[in-house]
Amino acid sequence: MSFLMLERKDRGVCVDIELYRSNKNLSDDLVDSIFEKAVSGKTLIKNRRTLTIDYVPEKLPFRDEETKTIAQTLAVVLKGARPSNLLLFGKPGTGKTAVIKNVVQRLHQKAKDLGIEVTVPFVNAKSANTGYKVLYEIAENMGINQEEEKKLQVHFTGLSMGEATDRILDFIQKKKKLHVVLIIDEVDSLVERNGDDILYNFTRANEQISGGGFISLIGISNSLTFKDKLDPRVRSSLSEEEMVFNPYTVEQLQKILADRAKLAFNDDVISSAAINLCAAMAGRENGDARKAIDLLRVAAEIAERERLTNVEEKHVRLAQEKIEKDTNHEVLKNSTTHTKIIILAIMKSKNGNTGEVYDIYSSLCNNAEHEPLTQRRITQIISELDQLGLVSSDVVSKGRYGRSQRIKITVPTLTIREAFKDDPSLSTWDLVD
DNA sequence: GCTCCACCGGAAATTAGGGTGG
DNA sequence: CCACCCTAATTTCCGGTGGAGC
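With the first letter of the first sequence counted as 1, position 81 gets the number 81 in the working numbering; the numbers rise by one all the way through.
Simulated from the structure, these hints should not be mistaken for lab results. Mixed in with the good hints there might be a few duds.
Label pairs and their calculated CB-CB ranges [stated by the list, open to error]:
1) Y55 - E242: 24 to 34 Å
2) E117 - K421: 52 to 62 Å
3) S397 - D64: 46 to 56 Å
4) K177 - R204: 12 to 22 Å
5) L308 - N47: 17 to 27 Å
6) K255 - L308: 24 to 34 Å
7) L152 - A280: 53 to 63 Å
8) K174 - T327: 43 to 53 Å
9) L318 - D394: 29 to 39 Å
10) Q109 - D423: 46 to 56 Å
Think about it this way: if two alpha-carbon atoms lie no more than 27 Å apart in a straight line, the pair counts; the simulated BS3-like pairs of lysine-lysine are [said to hold, decoys possible]:
11) K59 - K262
12) K68 - K112
13) K79 - K59
14) K91 - K101
Remember, predicted model here, so these are calculated numbers, not experimental data. A virtual CB, placed ideally from N, CA and C, is assigned to each residue, including glycine.
Please put together the full structure from these sequences, using the hints given.
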């Protein structure tokens, strides 16, 4: 029931595209670097793990206040009392998850020393995908499924939401003094998909639990407007305390990167100009530290591959391109056949208005002997592509001649061609022109 | 001003697939 | 076996709507 174990589990189920990509690169590069090392006898990178996304540093610069407050809030657990529910807000890459994980790790240690049992299930609502899966993950994390009695387990499907929730609460009840601090990362995506029922049940749960057990909730949200979507009752009880993580400034990012670089690289391998450039580029994207560290890692990997002995600014620029290209490639490659056909249709269309794209799409479908989807569905898929940044679309009104969208591909044709070339369901003639 | 095109985009319903408890 | 649960993708239905042209 250690936190580390839970963390690994969380990593295992993660389907985040970015994570997936970087993990993949990681193993590729591992092999590369072994070869590289054999050839040159030395490497740039001394500790690769410190550049991965889920590495939690010992100390988080510029987050002392936040760390302290959270620690104070959670500390009451050590006295057997229920901590306030807590809501953390902040843009991606502002250190929310890192701070929480850091504090929880230490809390666990302390609790262990004192012989107090605290259960801290950690769920990422986004990678869990569905509301039910969130419950399942929680149950799994809490060890409910080790129960001998089958009737108390939470299966991965088949139960109703209410039943699953009840079983989790019963478990807490039965174990008497179970102290639970439930952390839900990216709660906003949970609420968007399933409403706030689950949160409601958990916030209310303490009234039903008797015998010394309790459950506290920590929600982590990327969206600052998330609270508006909650039912007032849930809102007030969930945010007994709340905290906003502000984006890092460029100067702060520089410091963070410099610290991290010390851990990750051998001495004098990376120029401060390169670090500053990483910071500047990530700074433009809302001060996203994750992005900055990503850039640093990829830049180093590029330099390493070229067998250079240090990382320069140009590698950072190359890294930027590579990251973008890889994400696009991954998304394109893994999209459904219909989505691919739609992209082809958009490429073939002249003005990119909906009707035209839909006509081209339908005829492509007929050629390939695919049943075409409805136009409604197509607009939906297009707007999904828009959100992924593969396509840009804005509505234009042409007065008399109706309203439509102007849809344009924002990815190089080459990237698309490369991503699609392995798909057997697209005939080759679709790809020309 | 008013019309009316050619769509947009929300909401509910349907379909299909994988499971459960009694 | 039957009633019922959950999800995901898609269809069905339908109430808007910006602005060129009358």
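Please test the hint of 46 to 56 Å on the beta carbon pair from S397 and D64. holds, 52 Å
Do the beta carbons of L152 and A280 sit within 53 to 63 Å of each other? holds, 54 Å
Does the structure keep K91 and K101 at a Cα separation of 27 Å or less? Cα-Cα ~17 Å, so holds.
Verify the CB-CB distance for L308 and N47 against the hinted window 17 to 27 Å. For L308 and N47 the Cβ distance comes to about 19 Å; the hint holds.
Mind checking the hinted window 24 to 34 Å against the Cβ distance between K255 and L308? holds, 25 Å
Could you tell me whether the CB distance from K174 to T327 stays inside 43 to 53 Å? holds, 46 Å
Lying within 52 to 62 Å: is that true of the beta-carbon distance E117 to K421? The hint (52 to 62 Å, Cβ to Cβ) holds, given that E117 and K421 are roughly 55 Å apart.
Verdict for L318, D394 (Cβ pair) under range 29 to 39 Å: About 31 Å separates the Cβ atoms of L318 and D394, which means 29 to 39 Å holds.
C-beta pair Y55, E242: status relative to the range 24 to 34 Å that was hinted: holds, 27 Å
Sort out whether K59 lies within 27 Å of K79, counting only the CA atoms. holds, 25 Å
C-beta pair K177, R204: status relative to the range 12 to 22 Å that was hinted: With a Cβ separation near 20 Å, K177 and R204 satisfy 12 to 22 Å, so the hint holds.
Just to be careful, I want the Cα atoms of K68 and K112 compared with a cutoff of 27 Å; is the pair within it? holds, 20 Å
This entry satisfies every hint, going by the numbered hints stated previously.
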